[in-house]
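Protein chains in written order, with my numbering: chain A, 1 to 578; chain B, 1001 to 1621; chain C, 2001 to 2165.
Calculated directly from the structure, the hints in this document are not laboratory data.
Don't take each hint at face value.
Subject to a maximum C-alpha distance of 25 Å in a straight line, what follows is the list of computed SDA-like cross-link-like pairs (lysine to any residue) [unchecked claim]:
1) B/K1050 - C/Y2083
2) A/K578 - C/P2061
3) A/K477 - C/K2026
4) B/K1169 - B/Q1277
With the C-beta cut set under 10 Å, the calculated list includes, among others, these residues of chain A facing chain B [said to hold, decoys possible]:
5) G43
6) C45
7) C62
8) E63
9) R170
Quick list of simulated restraints, FRET-style, between CB atoms [stated by the list, open to error]:
10) B/A1610 - C/N2142: 30 to 38 Å
11) B/S1443 - A/L242: 51 to 59 Å
12) B/A1123 - C/Q2107: 38 to 46 Å
13) A/K483 - C/A2159: 58 to 66 Å
Just so you know, even glycine gets a beta-carbon here, dropped at the ideal spot from N, CA and C.
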Amino acid sequence: MISLKINNMPVYAQEGSTVLEAARSIGIKIPTLCHLKGISELGACRVCVVEVKGMNSLVAACEYPVREGMEVFTNTPRVLNSRKTTIELILSDHRKDCLSCERNTNCELQRLSHKYGCDSHRFEGNTRDFVYDDSTDYLIRDNSKCILCRRCVAVCRRQQGVGVIGANDRGFATHIACPFDMKLADTPCVGCGQCINVCPTGALQEKEEITRVQEALANPNKHVVVGYAPSVRAALAEAFDLPLGVNCQGKINTALRYLGFDKVFDVNCSADFTIAEEADELVRRLQDGGKLPMFTSCCPGWVNHVQKNYPELLPNLSSCKSPQQMFGALVKHIYSKIANIDPSRIFVVTVMPCTAKKGEKRRTFTDNLADVDAVITTRELASLCKENGILLNELPDSETDKPFGEYSGAGMIFGATGGVMEAALRTAVTVLDPNARFAPLEFREVRGLQGVKEASYVVNGRELKVAVVNGLLNVNKVCQAVKNGECDYQFIEVMTCPGGCVMGGGQPIRATIVRHKAEIAAARAEVLYSADRTNVVRRSHNNSGLQKIYADYIGSPNGETAHKLLHTSYQALPKYCK
Amino acid sequence: MDIARLKQIREETFKSVGNRATHADNAGMNFDRQVLVCGSTGCASNNSQKIRRRFAELVAEKGLERVHVGQTGCFGLCAAGPVVVVYPDGTFYSHVTLDDVDEIVESHLVNNVEVERLLYVDADGKTKPFNEIESYCRQLRHALRNCGVIDPENIDEYIARDGYFALYKALSEMSRDEVIDVVTDSGLRGRGGAGFLTGRKWKFTKEAQGDKKYVCCNADEGDPGAFMDRSVLEGDPHCVIEAMAIAAYAVGADQGYVYVRAEYPIAVERLDIAIRQARDYGLLGDNIFGTGFRFDLEIRLGAGAFVCGEETALMTSIEGRRGEPRPRPPFPAEKGLFGKPTLLNNVETYANIAQIILHGAESYNTIGTERSKGTKVFALGGKIKNTGLVEIPMGTPLKEIIYDIGGGIPNGKKFKAAQTGGPSGGCIPASLQDIPIDYESLSSIGSMMGSGGLIVLDEDNCMVDIAKFYLQFTVDESCGKCTPCRIGTRRLYEMLCKVTEGKATLEDLDKMEQLCYYIKDNSLCGLGQSAPNPVLSTLRYFREEYIAHVVEHRCPAGVCKALLRYEIDPAKCKGCTLCARNCPAQAISGTVREPHSIDANKCLKCGICASKCKFGAIKKV
Amino acid sequence: MKGSSLPFDGTPEQEARLRAKLDELKNKQGALMPAMQYAQELYGYLPFEVQSIISEELNVPLSEVYGVATFYSQFSLYPKGKYQIGICLGTACYVNGSQAVYEKLQQLLGISSGECTEDKLFSLDATRCVGCCGMAPVMTVNGEVYGKVTPDAVEAILAKYHQRG
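Using the sequences and the hints, build the whole thing.
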């Protein structure tokens, strides 16, 4: 241990830890903007400066290592004035439309500006030439609000291994953009939205679809149906100041009804359909000598990634649509029959923890109808509720509508990394070994937050080797290994976001301080696993609603109707379009 | 290569180079005359290469077998270039053109009569041998000892001047600690700017844990007006290679990188030739001098980013990334290039090492002042007669450099200030011209040694404009990583612009000063931390000039365009219309033979009218 | 999209040479800058097509290649003219009036620093000290140095190259 003094108070800190961490350990919070532990460690913004005795200039606490006997001062007038000036300088090159900004009241820059009593007009002068990029379906970059913390760059490169953005030009002209300042839509961006989640200001946000949803809701000719993904219920409460790990499923159902949706369904249900199809496809590939390993295809960021960066792996991708697209197809082509509504009148909205899902909605059509019409993120649902005066915390619980409100515990755990794999295994083992008396139910080896998880099971005398990968940087390693024929997995689950959908790019944005302190992914995942444990039906194929729909409308998995409604195909796409 | 062979080369080559000094004895020498043509950038850009080839052709044609024609590095007096020196006479020809070569050969080399009209005329109006001219004999050439003497592309000539004997001595007679102790005791401090004690830096790197270590040379000399490092590399590249090998031995490295500005093609080429020659001789590579010591060097080119002169940025650049500095600690000695312990010194620092090793710490620490030992090379530029390169003992008073060595201010103008340390330094006003040039004295008055640029300013220079010039440089060269430098220097620059446009208030001056101190205190790297120095030092010594801009809306030096006006004196104007016809903005009107007038709103203040007027009727006010 | 709007006219020979060089550099530490310097020498500038090859071969994201290309002033996204004009704005030249020469050049050529005239005859760069402070102010055309240049002298210098075509 290292002994030092912070503001004359004795502190003991681990060797190799920073002044920032040492101060935090005794209850002193030093502000940060560019710092994101383990991901972005630049010491660039200078908001965290502190005075160290014996040093001529101030130092950045986020990077400065503790030293035996050092004396640190975090709150001298020199320090406080410096922080204030730093923020004021940032504000001089920042479009200050805070009142109407998406991030108003949830902006790290705004909070600091308020905390340090900044005069936002103390420094005036030229601003950069700002890039505004709304070329994709899912994301908007508004550099007039960018403070060059480069957290987005670090996440894109170092966490996701995508690297489509970077710092361009130099000095005052430095700005974050794609190479050659091309539009994001022309790059191999996968749409994961992880950059949005780490942006301290409103420079990055999803492309909103609230307006279109509201228009549909107000249109008497539209029958508006909504379904929400497993992870939404694990995180929405956070946007209403509830603690981490609160399941607000019942309140979501009520809220969606208050908002005026005609039917409230659950994407957990179409997740069960995905398993029914995917497990069947896996078994067929295993038995018929099809292309292995098979990759899951429910994550749209991953599908984008394969299409743009690993086209040679397209045959390995399951042909199943994602739960979202299956949901749309099922609503428009089966629910429409049950409820006797013209499918073209149905407007399907999904609520997703994900930004890439916004792009995915354009991927598949059935009978010339888009499967899904609008996708809003968990954050957008929260805004929509707030705009409509819905006090989520105070709502009574209610149930989802039938028939697409019924689901198994397997559908529920889709939101956590390893969940799809576990759900698929729950079904596959019973298909592969129909006579087994105790088919295993929980596959704990594939749970947890490690980037790559491997497991091997013996089913009916045959070894089944699987892998679960999350975080695209890890995915790249596995893809490379598959390409080089260096691994013998038969089935691989891939989630673009580290931790899976619960940590998707559409989830409530948590301040850095929360990210550094709490294991957000584990808390959100636990919501899903505990809901699974208490669910009566835990295997997808045992979902009675699903069984009835197969019997009445679809026939068998991978049959003709199933193919039309629930499967898709892929194509290689260019990496960059000049 | 072994020591016997090294000695043999030294002896043999000495016969070819030994009489390259004034009045040296020709006995036993291979040549009776040495015609040395400067091949450094300044002279080379004035055809010196062609001049040398012409000499060689003519000498061959005339069968002058006892005459040697060679190229050397910089003689120092760039203002007199292209420079040709003939030894042993010491004849110093200046401003030589290609057409002059025939005459020099015929008259001087064949008939032994110096070509009078081409001789350099010293300050006292006399012509004299090179080594006796005022600006030369006041210098002490330590780092530059071989510049202007040897052919930088010939390793043997370097060996003839004791080259690589220091490396031999270090490897075979000294322990690693002994090498470091000698360097430490010499008192040598980093010549790149900050002046950190070189021996201590070596010690830290030696003590750092790591199986792989690197030795780097910073030759990314980017200060506007500075060309010391370039001259060393162009004139004596082997002294850097030898020193880096010694450093590598001392700290335990086996790989070195020289990071050179790509704008220095001649330096890069000479260094490249030198490295290959050293490899051929086994002075780089495996098992040097049979001691088992292994070291090799690679050149990495910069690509035009001033910030890469900052040590962490330089290493980031070698790693192939944007040259953005990173926070220290960790210091390069612990975690540098590719994450390994790394020693980084600049060219001039290395240039002193071999001599220190050969002749001991005392040979060096007896020169200079109490805390600034040895010599320092300066690049003199700006409003000074003898533009060029000088090397002086630490502690030499500024005025001696300007008047005795630099020859004073041209055109009878008044000396106003000297700027040292480039964009990181400050201005020394004429009132402080007695100040000794050393690290402590310079920083005590708000300037800094920097790498050695010394720009002289006269009464025609506006100090606000100069501060603005340097700040614009920093703004352009800021890497853009940290807030204080990226936005702070920009805002500071904008405030300076307001001053030069007469739009600032006295409160703005205070705000500027506050911002300066903030930037110094908060920036990530040395570039940002020192960026406000030119502003602070001019505010300190020339505040009245700022106030004149702010309060009187007047630029005393007549530089700041926005505050200038051109007026036609109707009493003197003859109405010749010449000014009106030459005005690019059609701002002058008037009828023939009547006094003209200037429309201030249209006037671009280009000054063409004033320069064209034959009657002196147009005045800048 | 930033970068030259002139169509890319690289030849297969150039590409083969670039790829050979990249192959040689691949396993070297910090190979990106040397690779880009080589490519710039080969093509004269670093268009999208060239940076893409470097990115792919060295396994460095294109965003990083481009970030490096726009960080260092010597890398150019635009082709250079047949005659490359440099005007020194170093201190010595500046205090001796190089700014006025620079302005005159911009006016006559209709381009600013970093750009190339449409006929690809001239490109212009404001440079830092070129080391000829004794002759300040200095401009260079393809390395040939013109010393003590005045704004008035610029026209005649350009005319000389115009005639050569």
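Verification of the supplied hints:
1. B/K1050 - C/Y2083: At roughly 22 Å apart (the allowed maximum being 25 Å), C/Y2083 and B/K1050 satisfy the hint.
2. A/K578 - C/P2061: 16 Å, holds
3. A/K477 - C/K2026: 19 Å, holds
4. B/K1169 - B/Q1277: Status holds; Cα separation ~20 Å.
5. G43: Cβ of A/G43 sits 4 Å from chain B, so the hint holds.
6. C45: Where the cut-off is 10 Å and the nearest Cβ of chain B is about 6 Å from A/C45, the hint holds.
7. C62: 9 Å, holds
8. E63: Since the shortest Cβ distance to chain B is 4 Å, the answer is holds.
9. R170: Since the shortest Cβ distance to chain B is 5 Å, the answer is holds.
10. B/A1610 - C/N2142: 30 to 38 Å: The hint (30 to 38 Å, Cβ to Cβ) holds, given that B/A1610 and C/N2142 are roughly 35 Å apart.
11. B/S1443 - A/L242: 51 to 59 Å: At roughly 58 Å between Cβ atoms, A/L242 and B/S1443 fall inside 51 to 59 Å, so the hint holds.
12. B/A1123 - C/Q2107: 38 to 46 Å: 41 Å, holds
13. A/K483 - C/A2159: 58 to 66 Å: Given a distance of about 60 Å, which is inside 58 to 66 Å, the answer is holds.
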